[in-house]
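Student: Each chain, letter by letter, is given below.
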Amino acid sequence: MLNIFNDIIHVVRTFFEGRGWPLLVTVALILSVLFWTCCLIGIAIFYYRDYRYRICYSRIYPILRDFIYEQVLVKNNVSHFPIDKLGLNLEKRLEVKVVRDILHEFIRTIGGEKGRSMRNLFNELGYDKEAQYEIRHAAKHMAPIVRSLNDLALMKVVVQENVLDKLLASPKIEIRVAAFQYLLQVQGEQAFDRVFSQLEGINELHAVDIYQTIVLTDYFGTYSFSQWLDESKTFAANKLLMDLMVYYQELEASQLWKLIVANKDMNTIIKAVNSLGKLLARESEDQLRDLYDQHQSLHLRIEILKAIGRLGQGKSLDFLANIFENSELPVKLRKHAYRSLITQRPYSTMYLRRINDNTDAMTDRLIRYITNPMVHYI
Amino acid sequence: MWNEKKRILVIEDNEILLSTMQFVLLREGYDLLLAKSGKEALALVSDETIDLVITDLALPFANGYEIIDRIRKSSINNEVPVIIISGYRDDNSIVEGFEVGANDYIKKPISPSELISRVRLRIGHA
Amino acid sequence: MKDFISSIEFIFGCYCLLLLIVYVLLFRMSSISIRKNLRTRNSRSVQTLMESEIAPGVSIVAPAYNESVTIVNNVRSLMTLFYSRYEVVIVNDGSKDDTLEKLIHEFDLVQIDFLVDYLVPCQEIKAIYKSRDISHKRLTVIDKVNGGSKADAVNAGINVAAFPYILNTDVDCVLANDTLVQLMEAVLDSKERVIAVGATLRMSNSSYVDAGMLVEAALPKAILARFQEMEYIRSYLLGKMGWNYLNCIPNVSGGLGLFDKEILIAAGGYDSHSLGEDMEMVTRMCMVMCDNHQKYTIKYIPQTLCWTEGPDSLKMLTRQRIRWARGLMQIMRAHRKAFFNPKYRQFGLIVFPYNAIFEFFAPIMEILGIVFYIYLIATNGINWPMAILLLIFVYMFSVFLTSFSILLDNYVYKYYKRRQDIIRLCLTAFIEPFVYHPIIVYSSIKGYIQELFGKKHAWGDMKRKGTLSPEPSIETKK
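Residue numbers (our numbering), protein chains in the order written: chain P, 88 to 465; chain X, 1443 to 1568; chain B, 2 to 479.
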């Protein structure tokens, strides 16, 4: 074994002491030239692809626009559009892409009944079939599956349950989130249980996507988002649920407090406190004061003061006044304490009067800064 | 008596939305002025007599709030009704729009029939 | 003697081989990183975050010093970015011209009473201005005593900023309308805390800019600016996007960088004495996270979101590069404890050593290499065929790397509408090694020497020309 090893070393040494290096460098040089050539060809291909797209777009856009105006806006057609009149060749991939992009833009800008007619047009142009095929056969490729799910949601087309189950079980989070968005747009409230029970792995951007999908639908109800709050869930998942609770004004203070008490993640606690404030959970005022004493985090303390400002019923005026009058505390904390006093008028009128009568020059400046109507963000 | 057509200034940088609103409003018989940016809009607002303004909020050069503010401060168009069309759905954007002087706020995507109704509410038929 | 020369050859050989391996790895990693970014980007709508009321707030902090020529248009363009929740904090850093007066007049500003916590050190804030117009409610102008550096001015902005994220930019930079959306998407699209995000910068020299808005990007006509454009494309798309794959970004540019304010403040804010304040800041932010045993990510996105006016005279360019070189040396010296220190994880084990060995030492190795070459020639010790072969290979490899960066740039987006711009850029790659690269090496060495001998850096005044307004291309006119 050792002999073989020695032989290999000897061969390698001989190679490099002889013609080895020049040969290697020559090969590297040829490869560099080859790759450089490929780069130039690649640049030319990208340039040409973009050029073709722009030419195709500028050709198809006026045709499609005039068709939509005539059929949808003037003749008020809802379905069974005379697609043949368009004269498009939807066998070509480029035309399919361009038409999809243009229709997406129109559907994004035109709402109401006309928007629904536009979606039907999208369907009748064959995008339904294409999308259904892609979600079954695109294997692991994320982009076509996500795009197809978006298209199917736009067209409000039903996808078979077994296909949906597969997508919801996909290892790629982007596909799962696209499936959530599809379900929420097509099934509405019926999809809530299914979606919220599978939120593991989402990040804050996915949470924003799901949130926007729900609030942009016509959903208006009393679904209990808070039932899904759980300290074992990630911050992003809990944040999504809390944002929805706030948007739909679902006041479930006990669930939020459970999350605050059980959670070690400061971001979750801060978000829960923020939600209590926005939901006007008035009975939480005392507990919030206790929470203030339990934690040192400046960010959390500011959030507690803001929440008290929103939901306070006059029980925390001494607390707020003491914070404001303590010049050792950070300015930001004092600002929010004063702001919260202002929002609790008339309970706080006497406190504010007392503070204003007993200020020094610096505190006076601070008060004028906080109360200046031109200062919107502090 | 010579009845002039009602004139609407439409300010929108999205090509598709602008041309759709143009089509719908022209069909209703209104006279239109179009602007694709805050800069173009500011020039038109100070020079031309307008009966109604429809504006987006997110615009290049000067946002919708500034345009509405200028309209309210202009000498010839300060009482012109203003309709905001925007994708911003948060309370702050809506409240700010009204504070600056807008009369109406429509969230995107826009229903053409709703747009016409709201325009007629403000300035009547063309 | 022969052994000594062999050893020198061996050292240079290893260095070059390692550098080659690094570039090949960056080549692979940047492609994957960019493809991943584009896949995510193409599968979502930019409108979602732009119009969402739960999008996190951002404070744009832009220092201004003697920017009278362009200040109004530039501030206007910052105030019209497409994002629902942000403010613009302009820091007038003791300008000697009428920068402040122009702002006051244009935006109807009035001085307000204020009290500021100096969370990070900066010179005294003399006044804060807000607008009486509700339409300009997101604008805040700070007037402060000049601190001698941009870092000091940015710190003042951080002290006043209200939102949890800071976008640090120069007031003369032209930003894309969706800058805040793109950067915040990168922040939110992560399981770990993102403490900084950067994006590609390009030159606005020769681009068509109207009232602070980019109408059409064009390749700079001036050769120096063109070299810089090419260098930026290579540095961002090949370099930074490659490091992005490993979460090993060495620097987020001060021209455009989004930062987590809490971490900025915890790290002590920008260092006004540093000549490379942006890289120094990122270094300290990484170290603070590691010192507190917290996971973090720094991200880069390949899209060009910022166009900036680059120095177009040799004097200004060398001055800038001397400053950068001195800044790098300061960072190496001040934070040397991070070198191969496992406590600082990827920052200590990869980023810092890479910067030290392949960024800091590279110009030194080049000069020594040239000296060695000359020595070998003088002593008839050179193997001419091999030497020429090597030179040709190194040259072609550098041309290939630049061309690959241009390819990546076109893959991301076609920024140049004119075909001749792309062709000229590709051709510039051929002359860069002979013309531009020696200037950079010279500036770096000069910077190191100045830093070693403690010479005071002369900032100079970069004369703002505003951007040219050449006729847009025929396609745009149509």
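Everything labelled a hint here was simulated from the structure, so no lab data went into it.
Bear in mind that the values here come from a model prediction, so they are computed numbers and not experimental data.
We treat Cβ as the ideally placed atom computed from N, Cα and C, and that holds for glycine.
Heads up, a few of these hints could be off.
[Unchecked claim] Here are the in silico distance ranges between beta carbons for each label pair: (1) Pro-165(B) <-> Glu-182(P): 44 to 52 Å; (2) Ala-448(P) <-> Val-47(B): 21 to 29 Å; (3) Thr-446(P) <-> Ile-1558(X): 52 to 60 Å; (4) Met-88(P) <-> Arg-40(B): 20 to 28 Å.
Student: The structure should be examined with respect to each hint, and the outcome stated for every one.
Tutor: The hints, checked one at a time:
Evaluation of the 44 to 52 Å hint for Pro-165(B) and Glu-182(P) yields a pass: the beta carbon distance comes to about 45 Å. Between Ala-448(P) and Val-47(B) the Cβ separation comes to about 48 Å, which falls outside the hinted range of 21 to 29 Å. Checked against the hint of 52 to 60 Å, the pair Thr-446(P) and Ile-1558(X) passes, with Cβ atoms roughly 56 Å apart. In this structure, Met-88(P) and Arg-40(B) break the distance hint of 20 to 28 Å, their C-beta atoms being roughly 48 Å apart.
Going through the hint list in order, the structure does not satisfy hints 2, 4.
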